[in-house]
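From first to last, the protein sequence lines stand for chains A and G. Numbers 740 to 999, taken from my numbering, label the letters of the first sequence in order. Numbers 2 to 249, taken from my numbering, label the letters of the second sequence in order.
Hints were generated in silico from the structure; no laboratory data involved. Incorrect hints may appear among the rest.
[Claimed, not checked] In silico BS3-like pairs for lysine-lysine, Cα to Cα no more than 25 Å straight-line: (1) Lys8/G / Lys196/G; (2) Lys205/G / Lys8/G; (3) Lys761/A / Lys25/G; (4) Lys761/A / Lys747/A; (5) Lys8/G / Lys166/G; (6) Lys761/A / Lys8/G.
[Claimed, not checked] Some chain A residues near chain G, calculated using beta-carbon distances under 7 Å: (7) Thr865; (8) Glu866; (9) Gln867; (10) Gly870; (11) Met873; (12) Met874; (13) Ala875; (14) Val876.
Just so it is clear, the structure is predicted and the values come from calculations on it, not from any experiment. Glycine included, C-beta positions come from ideal geometry on N, C-alpha and C.
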Amino acid sequence: MISNWLQKIGHNTLSRFSRIGKGGMFLLQTLLSLPYILGKPQLLIRQLYSVGVQTLLIILVAGIFIGMVLALQSYIVLVDFGAEESISLMVSLSILRELGPVFTGLLFAGRAGSALTAEIGLMKSTEQLSGMEMMAVNPMKYVIAPRFLAGIISVPLLTLIFMAVAILGGFFVATEMLGIYEGVYWSQMQAKVDFHEDLINGLIKSLVFGFVVVWIAVFEGYDCVPTSEGLGQATTRTVVHGSLAILGLDFILTALMFNV
Amino acid sequence: MDIERGKVTAIMGPSGTGKTTLLKLIGGQLKPDAGSIHVDGENVHQLSQPALYELRQRTMGMLFQSGALLTDLSVYDNVAFPLREHTSLPASAIHHLVLLKLNVVGLRGARDLMTTELSGGMARRVALARAIALDPEMIMYDEPFTGQDPISMGVLVKLIYDLNKALGMTSVVVSHDVNETASISDYIYVISAGKVVQHGTPEKIENSDSDWVQQFMRGLADGPVPFHFSSDSLMDDLTGLAQQGAEK
Numbered sequence: 740m741i742s743n744w745l746q747k748i749g750h751n752t753l754s755r756f757s758r759i760g761k762g763g764m765f766l767l768q769t770l771l772s773l774p775y776i777l778g779k780p781q782l783l784i785r786q787l788y789s790v791g792v793q794t795l796l797i798i799l800v801a802g803i804f805i806g807m808v809l810a811l812q813s814y815i816v817l818v819d820f821g822a823e824e825s826i827s828l829m830v831s832l833s834i835l836r837e838l839g840p841v842f843t844g845l846l847f848a849g850r851a852g853s854a855l856t857a858e859i860g861l862m863k864s865t866e867q868l869s870g871m872e873m874m875a876v877n878p879m880k881y882v883i884a885p886r887f888l889a890g891i892i893s894v895p896l897l898t899l900i901f902m903a904v905a906i907l908g909g910f911f912v913a914t915e916m917l918g919i920y921e922g923v924y925w926s927q928m929q930a931k932v933d934f935h936e937d938l939i940n941g942l943i944k945s946l947v948f949g950f951v952v953v954w955i956a957v958f959e960g961y962d963c964v965p966t967s968e969g970l971g972q973a974t975t976r977t978v979v980h981g982s983l984a985i986l987g988l989d990f991i992l993t994a995l996m997f998n999v
Numbered sequence: 002m003d004i005e006r007g008k009v010t011a012i013m014g015p016s017g018t019g020k021t022t023l024l025k026l027i028g029g030q031l032k033p034d035a036g037s038i039h040v041d042g043e044n045v046h047q048l049s050q051p052a053l054y055e056l057r058q059r060t061m062g063m064l065f066q067s068g069a070l071l072t073d074l075s076v077y078d079n080v081a082f083p084l085r086e087h088t089s090l091p092a093s094a095i096h097h098l099v100l101l102k103l104n105v106v107g108l109r110g111a112r113d114l115m116t117t118e119l120s121g122g123m124a125r126r127v128a129l130a131r132a133i134a135l136d137p138e139m140i141m142y143d144e145p146f147t148g149q150d151p152i153s154m155g156v157l158v159k160l161i162y163d164l165n166k167a168l169g170m171t172s173v174v175v176s177h178d179v180n181e182t183a184s185i186s187d188y189i190y191v192i193s194a195g196k197v198v199q200h201g202t203p204e205k206i207e208n209s210d211s212d213w214v215q216q217f218m219r220g221l222a223d224g225p226v227p228f229h230f231s232s233d234s235l236m237d238d239l240t241g242l243a244q245q246g247a248e249k
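Same shape as in the complex, but just chain A:
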């Protein structure tokens, strides 16, 4: 009984580690395949559309609403101290440093990451990947590399857009609903928000999140068990592991960047 239990733990641990190793090798192969895209830019452009542009709507809507809610909540707290004029600072710093990269990463994992896993997994189960191999076309180059690169390019851009619309959403609520003077909103931001410290750090975060999420997504798709059940599990793992990785990495990056 106990030995069975121990065996199970050992087996699970070993298979975890071997999967991590497999993921690492996969990443290496993907990186080595990237130069192939130079000769086939149209592959990258098509993926930029399906991975990036098609994620735009959810990013815009989420950004506006999060900015608006943040302005409302900040006002409630700040007004007690008579500091409601700092509302733009509250909105912009939380968006630039944390919410922008994290929310975009999470939404990207749910919208584009899951789609990538499902697409690649289905290509595997319908033998399209095998078919390419037999036609002497390496699917790592033709299928994986363009999707991987498109994800890495898209996430920071989507994050920038998210940040911009969230700050505008906050601006709308602050000036139209809460009666803050427009000039105050912008001048507070201009005075206190640092380009490097806040914006660039946020974008570095988003680059890291994009890298990790899209790596998980393409690996899960490529490595999935090619059945309907296996595909479902792989898609779920992409979203769960991707989201957890973002939250964990966010803590580490924040600790490193802001010298706490």
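We have chain A already, so just place chain G on it with the hints.
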């Protein structure tokens, strides 16, 4: 096992005996636990990746059971895919080649369809046109007749036969459709559980004195391969259940 150049070699056997695995071994997609496979004088599993890809490009075409067409491309683009990837031919030459290949399988008129609009038989014919796009020396067919209606099946049988005779392509047909496969093959290997049970010309296999081969070739329900999956006797199972019920 020897597959002769320019001939149609059939590999037959029940489902799950490793026929498709064999094709994947030949194509270098799987590694053998023991033994070696030589294609055109080269040991497939000792080649570096670039050399393996070069060998595949030069000598192998494969028709997958599902067709394995790229679903985001049209029929035309699917057939053009290997040409665009491996040659630097101008678009006009690719256009001519694609139309010729599609003409061979009778689907020149379907070139603008998306692969999702094709019937199963048509998809397999498009896949065949794609497999012969680069004029490989050998073409491997994985269960080409499975799930086809009689007309599509007849078309595929004729295509495989014609391609072999007209272009001299070495053909390896993996199948368990006994009659269709036997009618076009020069040599047959019958395998079961990963082992060659018998091999020879279609006539020799037809007149085999092995009970197992006879059962397989004639499609008999019971014989050396029993009808029942191995289990206790029905009586034991039933009384066993009754006892369990009584204990409860």
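Cross-check of the supplied hints:
With a C-alpha separation of about 22 Å, the suggested pairing of Lys8/G with Lys196/G holds against the 25 Å cut-off. A C-alpha spacing of about 17 Å is found between Lys205/G and Lys8/G, which places the hinted pair at or below 25 Å, so the restraint holds. This hinted pair checks out: Lys761/A and Lys25/G have alpha carbons roughly 22 Å apart, not beyond 25 Å. Between Lys761/A and Lys747/A the CA atoms are separated by roughly 21 Å; this keeps the pair inside 25 Å, and the hint holds.
Distance check on the hinted pair: Lys8/G and Lys166/G sit about 9 Å apart at the alpha-carbon level, within 25 Å; holds. Taken as a hint, the Lys761/A and Lys8/G pair is broken in the structure, with Cα atoms around 41 Å apart against an allowance of 25 Å. Using the Cβ-Cβ criterion of 7 Å, the hint placing Thr865/A at the interface with chain G is satisfied: the shortest such distance is roughly 6 Å. Below 7 Å, beta-carbon pairs count as interface contacts, and Glu866/A has one with chain G at about 4 Å; its hint therefore holds.
About 5 Å separates the beta-carbon of Gln867/A from the nearest beta-carbon of chain G, less than 7 Å, and the hint is met. The criterion of a C-beta within 7 Å of any C-beta in chain G is met by Gly870/A, whose closest approach is roughly 3 Å, and the hint holds. Given hint, Met873/A at the interface with chain G, holds; its Cβ is 4 Å from that chain's nearest Cβ, closer than 7 Å. Hint status for Met874/A: holds, given a least beta-carbon distance of 5 Å to chain G, under 7 Å.
With a cut of 7 Å, the hint placing Ala875/A at the interface with chain G holds, because the nearest CB-to-CB distance is about 4 Å. The restraint placing Val876/A at the interface with chain G holds, with a minimum CB-CB distance near 5 Å, inside the 7 Å limit.
Hint compliance for this structure: hint 6 is the single one not met.
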